[in-house]
Structures are given as structure tokens and as C-alpha cells.
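S.K.: Each chain is listed here by its residues.
Number of protein chains: 2
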Amino acid sequence: MSTNVPAQVGTPVEDVLTPCLLVDLDAYERNLDRMARYIDSQGLRHRAHAKTHKSPNIALQQMDRGAVGVCCQKVSEAEAMVNGGVRDVLVSNQVVNPHMIDRLAALAHQARVLVCVDDLGNVDQINAAAQAYGVTIEVLVEIDVGAGRCGVEPGQPAIPLAQRITEAPALRFAGLQAYQGKAQHVHDFEERKAKIDAAVAGVRETVDLLRQEGLECDIVAGAGTGTYTFEGESGVYNELQCGSYIFMDADYQRIRMADGRLIDDFENSLFIYSTVMSKTKAEKAICDAGLKAQSVDSGVAVVFGRDDVEYIGASDEHGVIKDPDNRLRLGEKLKLIPGHCDPTVNIYDWYVGVRNGRVECLWPITGRGMCL
Amino acid sequence: MSTNVPAQVGTPVEDVLTPCLLVDLDAYERNLDRMARYIDSQGLRHRAHAKTHKSPNIALQQMDRGAVGVCCQKVSEAEAMVNGGVRDVLVSNQVVNPHMIDRLAALAHQARVLVCVDDLGNVDQINAAAQAYGVTIEVLVEIDVGAGRCGVEPGQPAIPLAQRITEAPALRFAGLQAYQGKAQHVHDFEERKAKIDAAVAGVRETVDLLRQEGLECDIVAGAGTGTYTFEGESGVYNELQCGSYIFMDADYQRIRMADGRLIDDFENSLFIYSTVMSKTKAEKAICDAGLKAQSVDSGVAVVFGRDDVEYIGASDEHGVIKDPDNRLRLGEKLKLIPGHCDPTVNIYDWYVGVRNGRVECLWPITGRGMCL
Numbered sequence: 001m002s003t004n005v006p007a008q009v010g011t012p013v014e015d016v017l018t019p020c021l022l023v024d025l026d027a028y029e030r031n032l033d034r035m036a037r038y039i040d041s042q043g044l045r046h047r048a049h050a051k052t053h054k055s056p057n058i059a060l061q062q063m064d065r066g067a068v069g070v071c072c073q074k075v076s077e078a079e080a081m082v083n084g085g086v087r088d089v090l091v092s093n094q095v096v097n098p099h100m101i102d103r104l105a106a107l108a109h110q111a112r113v114l115v116c117v118d119d120l121g122n123v124d125q126i127n128a129a130a131q132a133y134g135v136t137i138e139v140l141v142e143i144d145v146g147a148g149r150c151g152v153e154p155g156q157p158a159i160p161l162a163q164r165i166t167e168a169p170a171l172r173f174a175g176l177q178a179y180q181g182k183a184q185h186v187h188d189f190e191e192r193k194a195k196i197d198a199a200v201a202g203v204r205e206t207v208d209l210l211r212q213e214g215l216e217c218d219i220v221a222g223a224g225t226g227t228y229t230f231e232g233e234s235g236v237y238n239e240l241q242c243g244s245y246i247f248m249d250a251d252y253q254r255i256r257m258a259d260g261r262l263i264d265d266f267e268n269s270l271f272i273y274s275t276v277m278s279k280t281k282a283e284k285a286i287c288d289a290g291l292k293a294q295s296v297d298s299g300v301a302v303v304f305g306r307d308d309v310e311y312i313g314a315s316d317e318h319g320v321i322k323d324p325d326n327r328l329r330l331g332e333k334l335k336l337i338p339g340h341c342d343p344t345v346n347i348y349d350w351y352v353g354v355r356n357g358r359v360e361c362l363w364p365i366t367g368r369g370m371c372l
Numbered sequence: 001m002s003t004n005v006p007a008q009v010g011t012p013v014e015d016v017l018t019p020c021l022l023v024d025l026d027a028y029e030r031n032l033d034r035m036a037r038y039i040d041s042q043g044l045r046h047r048a049h050a051k052t053h054k055s056p057n058i059a060l061q062q063m064d065r066g067a068v069g070v071c072c073q074k075v076s077e078a079e080a081m082v083n084g085g086v087r088d089v090l091v092s093n094q095v096v097n098p099h100m101i102d103r104l105a106a107l108a109h110q111a112r113v114l115v116c117v118d119d120l121g122n123v124d125q126i127n128a129a130a131q132a133y134g135v136t137i138e139v140l141v142e143i144d145v146g147a148g149r150c151g152v153e154p155g156q157p158a159i160p161l162a163q164r165i166t167e168a169p170a171l172r173f174a175g176l177q178a179y180q181g182k183a184q185h186v187h188d189f190e191e192r193k194a195k196i197d198a199a200v201a202g203v204r205e206t207v208d209l210l211r212q213e214g215l216e217c218d219i220v221a222g223a224g225t226g227t228y229t230f231e232g233e234s235g236v237y238n239e240l241q242c243g244s245y246i247f248m249d250a251d252y253q254r255i256r257m258a259d260g261r262l263i264d265d266f267e268n269s270l271f272i273y274s275t276v277m278s279k280t281k282a283e284k285a286i287c288d289a290g291l292k293a294q295s296v297d298s299g300v301a302v303v304f305g306r307d308d309v310e311y312i313g314a315s316d317e318h319g320v321i322k323d324p325d326n327r328l329r330l331g332e333k334l335k336l337i338p339g340h341c342d343p344t345v346n347i348y349d350w351y352v353g354v355r356n357g358r359v360e361c362l363w364p365i366t367g368r369g370m371c372l
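Just so you know, the protein sequences line up as chains A and B, in that order. 337 is the number that this note's numbering gives to position 337 of the first sequence; each next residue is one higher, with no gaps. 187 is the number that this note's numbering gives to position 187 of the second sequence; each next residue is one higher, with no gaps.
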């Protein structure tokens, strides 16, 4: 990590080495403030998703603005957060490997630790580890509200899991995890809303059934940047897990342009900073950010702030830029909006924070690659 | 890097933490041997591409089998190789940032250093840095033989570049870089061969023109795993740069199945090792390897050695496995063939080398993320 730092504090932005991840600190902080205001206005809790940024620096800034803690998707990611000073972590995912369950339990000596389950045997495993490590772990039942991944069906299937958690001496039943991951990037507003309406109905049914069994859900958690106002105003969700709002990305930008609603206020604050490294051809330039500088699962990067050039293709270490008027010069820098921020961030070791044209901070992405 | 080691030497393979990169050492070594035999049989040189593996351990094993050195795509990647004991590195790419040119020149105190150019001003920059650091840098002119990325057109445009290099006191003209990156993954044999035939014609023309100017090409370099026999038997290329042959990937496997020729002998030796983490649904299972465990630019991973299940979709931390007969069990391990090995490797910090069912070595991927 240390040999590949793309800048120093004070470096003028035009001298920052590329490719790297640039954060426009003003835009980023405005995004933080906007979300904090919304959460506050609705009387909700925010548990910001650290899978987006993987940086304790950012997690702590979210908590400075009122977030109760962070979500992580992996135990090793949670360890990175705790090692960076975060004291309240929900692993919003299943943990099934015995060694990783032990690491989860051990972590509960340093932080409040919560985790999700969708399997009875897994409840027993986590309880045994918590007992062995002398800790209490809070456990949410994950219900599948349409994402089609982990989680049991809403309603009745959640009951035996919640009961098993309640009966486990080293566990505490904390509520429901109900994230509709497939709704976030639906481009049509009504379709997106309909998916969350369906999720809300499933959550409400499950909460009511649990209540009939004497099981109260302190936490009803979910929501992402694409849909959070729906969950936030549903009357059933009380803890939102939005993460991407801090950076945004090209796909969220397309959603914003498609309907102009909902996520209108968040700004692109994260960029792949890139240099034109070859200009031998008419109407084309080659930049130094290719497949190893971005994840292209949601499309390639988009050039920020310029409509005269277009990023049209990526190979391992090269990006092809359409340059119809041959405006680009060798060595020229471009700011690229990642197609999808989360897996793109997971490639880099450093954020280069920039304000007023120079580097203000270098934040290590200590959760990078923490996939265990 | 150190907190996220997925195994220890001696760990049984079934206990290795996931997701991680598993190397089948027997298959990997057979791949090394096969390429070494081919190169030797043709009287060629092999300069193995380290952009595939980013590991000095692997680079040195390639050199043990006769490779003259490695190719890298980035100066920071070259530094990682030299720091790991490699003493002969070609940056098979342009380096245009002044600071990175300085680092390239500085590196020439520790290793033989070669680099590519496609711009006259860049020749002067590299010469100035080499002079400032008191070193000689060997320079290849890159010609674009169809990849449509960097490089000047074959033929006449290469001449002034070669002359400028020859005239530069701290540089040595070393020959031509002529890699047809767009041919490697063409599925049709004849089409793939036609692309290399065209490349060979351009190279031959350029070599001849340079010779008429009194400029000899010691190195005529290019070729990848998809096409290397064409370049190898062309009579003009003398240094092959294949990298992917050590691991192979799902796309190369599809090419092999499409024509059964050319790359028939190389075996899949690299796997994303993954665990079933949720099994709540009929005909489906969720594994722990998603977009942050692979690059999906050439399609998602393929389950190795099983035709009863299929990897059908990836989100950030989850993979969806079609399991029509519900054979998969919670906690079960799968070996996944990456869709594209190079950018997938660039996500991970460690190779877990396995032989006879247990971990034999852990190789740090010290070139990971070295994109500068």
C-alpha cells in the first residue's frame, strides 16, 4: 500500500499521479450533510454502509453527523472498521464459516456487533461462538424482500429464527434486515417505488407476526441510495443503510437523469483520475484507466464535466476515449465517474481528498480487499 | 494485507477461508513447463507478462524455466517485480507522467529496464530522466498492429521515433513492441489467425524499413496466450509476452472449446474459492463471491468441475448459483473459474497455492493495485 501513494498533502491536483481515486471533499461533505438532514427530519436512524467506502475515516465522519454506526458485508471489513475506531458494526450479511464466526465473536469485545441470519443452524453456531468468547451478539433475521439473495421469505419463516435467537443465551434478537438490493438501480421511478412498496408490505407483515409472538423488532433495517425515501417514509423501517450517496456513480446519475426525482441532490464526488497516455490517432485518445482501474459491471466510466469527449472502451490498463475534435493532449488529465462505485473502490488503496485545487488528505482504504 | 490471509501453510483445502484465489500448483507448473518447452522448441525468447499474476514468486519461476525477464504495464508494477528479485523488466506500455518517468529511470539502477514509446516528446523526456539518474534505458517503438490502443502505425511512422531514440545519449534503441491485444480473445480460429497475419505483415514491413535506415531490431515483441503460436512461427517476432497461460480463465476456456486448437494444452489452474453462504430457496444457492471477488468484464465466473450447478449472477458480495436439483449445502465450497484472470487477480492480496489437498504456499500479490 505504502509504495503506491498517488500524492502528498499539498500536491496540486494536476500533479496527482494516475490512475487514482479522487474525492471532491466539498461535494462529498455536502452529500454527508444532505443525508444527515434527511435522516434527522424523519426521526430515523442511519447506519451507513461501509461496503461503499471501506474507509474508517469516512465512517467516523458519517457518525460525526449522526449515523449510529456502520454496516459491513464481511467480518474482515468489520475488523477494518473497528481497527479504525468504529465501535458499532452490523454485518448485514450471513457469516457461515466457523473461523469467521469466531472472529465475529472476538470482535464483540471491542465494539457493539450485530449480524444477520437466515438459517437455524447458523443461529446455534453464532451462539456457541459468543458463549466461547464471553460476549453477546445482536442478531437480525434477514428476510428476502425481493433481492432474491439471502434471507427467508417474509412472514411466517422469520418466526422460528427469531425464537431461536431469543432462546440463545449469548444472543439478543435485534430485529429485521430487509434490504431490497434489486430496487436501487431500477431506472423507472414508479417501478422502483413499486418494488419498495412490496418490500414494505412484507416487512410490515413480518413485524406484526413477530409482535403476536411477543418479539419486538428494535431495528427494522434496509434501504439504499436509490430508494431510501420510500423506506424512510414507510412507517416500518427505522434504520436506513444508504452508502452510495456519499460518492454517487454513473449509474445513479443515469437514474437521476431518467426521472429527476428522489436522488436529485446528491453530487458526484468520487472520480477515477486519469491521464491521456497516448494520442497517436485521429478522433481517439488512450487514457491510463482501464479494467484494473474500475469495475465495469454497470458500464464503463463516464467523463465528468465534458461533453466533447467520451470514454468508450476499456482493456486491462487502457481506456479508449472518443475525441471527435481532437481536443485531448498527451498528458492531459480527465476525471471519470465510475460506472459503479463500490467494486471500483475495492481496487484502490487510497482516497486522494481534494479541495481548492490541492490535496488535503490521503485516506487509506483499509477495508479494501477485506472479503473474508 | 496481513490481516486477511485466507489460510496457512498446511491448512486442508476445505478449511481455506473464502473468497480467495486458489492456485492448483500441479496444473500451474504443467502450464509453466508447456510454455517453456514451446519457446525452447522454437528458439524464441519468452518475456512473461507479469500483469497477469503481479507476483514476483511466479515471475521468478517463469525465469527459472527460461524466461528472460518480465513485462509489466506500469512502473509501480515493475517496482514490485524488482523489489521481489526480478532483474529484467520491460514496461510494455507508455510512461508519460514526469514523476513516473523518474521512477522508471531510478529503477534502472537495480535492474535492466526497457520501455515503449509512441511519441517523440516522450523520447526526450525519458532520455532526460535517464541522464539525470545516470542510467541507460532501452526503448522499443510501439506500433499498433490492430489493437487500436497505443502505438504508431506500422511502417514509416516508426522511423523518426527509432532515430530519435538512437540519437538520445542515455537511451538505446531495442526494437519493436507489437502486441495485438484485440486478437487474443477472438473465438474463431481463422479470424484470430487473420488478425495476427495482418500484424505480422505490419511488423515485417517496419523491421525492413528500419533496417534500410541502419536500425536493427534486437527485440520484436508481442503475442499473448490466445495467439502465441502464430507470432512464434512468424519468422519476425522473437520475444513472446504470453501471461495468461499460467492460469487460463473462462473466456480462454470458451475459445478452447470453440476450436480445440492452439491453446488446447493449458489447464485452468486459478480458481476463486467460494462458499455457499445461504440456501433458503429452491433451485438456487447464494455464494460469497460477487463483484468484489472477480472482474466480470468477460462474463461471470464458471463453476469448475460440476455441470449440475451454474453461477448465473453477481452483486457486490454475493453470487447466485443455479442449483436445479438442490444439491448444494450451506457451507459447501465451490471452485470458480474467473471470467478474466488479470483484473480478477488485481483484487486479491494472496495466492493460496494448493497441492495434494492442502496449502503449500501463500504468495503475496505485491503488484496488486500497482496501477501508477
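These are computed hints drawn from the structure, not numbers from a lab. Treat the hints loosely; a few may be bogus.
What the hints assert, rightly or not - Partial selection, computed: residues in chain A whose CB lies under 10 Å from chain B: (1) 74; (2) 155; (3) 159; (4) 160; (5) 181.
To be verified - Pair by pair, the computed Cβ-Cβ distance ranges are: (6) 324/B x 187/A: 26 to 36 Å; (7) 197/B x 9/A: 45 to 55 Å; (8) 313/A x 33/B: 28 to 38 Å.
Built from N, CA and C at the ideal position, the CB exists for glycine as well.
S.K.: Work down the list of hints and note, for each, if the structure agrees.
M.R.: Structure-based check of each hint:
1. 74: This hint holds: residue 74/A lies near chain B, its Cβ roughly 7 Å from the closest one there, short of 10 Å.
2. 155: With Cβ-Cβ at 13 Å, over 10 Å, it is violated.
3. 159: violated, 14 Å
4. 160: With a closest approach of 13 Å, the residue 160/A hint is violated.
5. 181: Since chain B brings a Cβ to about 6 Å from residue 181/A, closer than 10 Å, the hint holds.
6. 324/B x 187/A: 26 to 36 Å: holds, 31 Å
7. 197/B x 9/A: 45 to 55 Å: holds, 53 Å
8. 313/A x 33/B: 28 to 38 Å: 35 Å Cβ-Cβ, so the 28 to 38 Å window holds.
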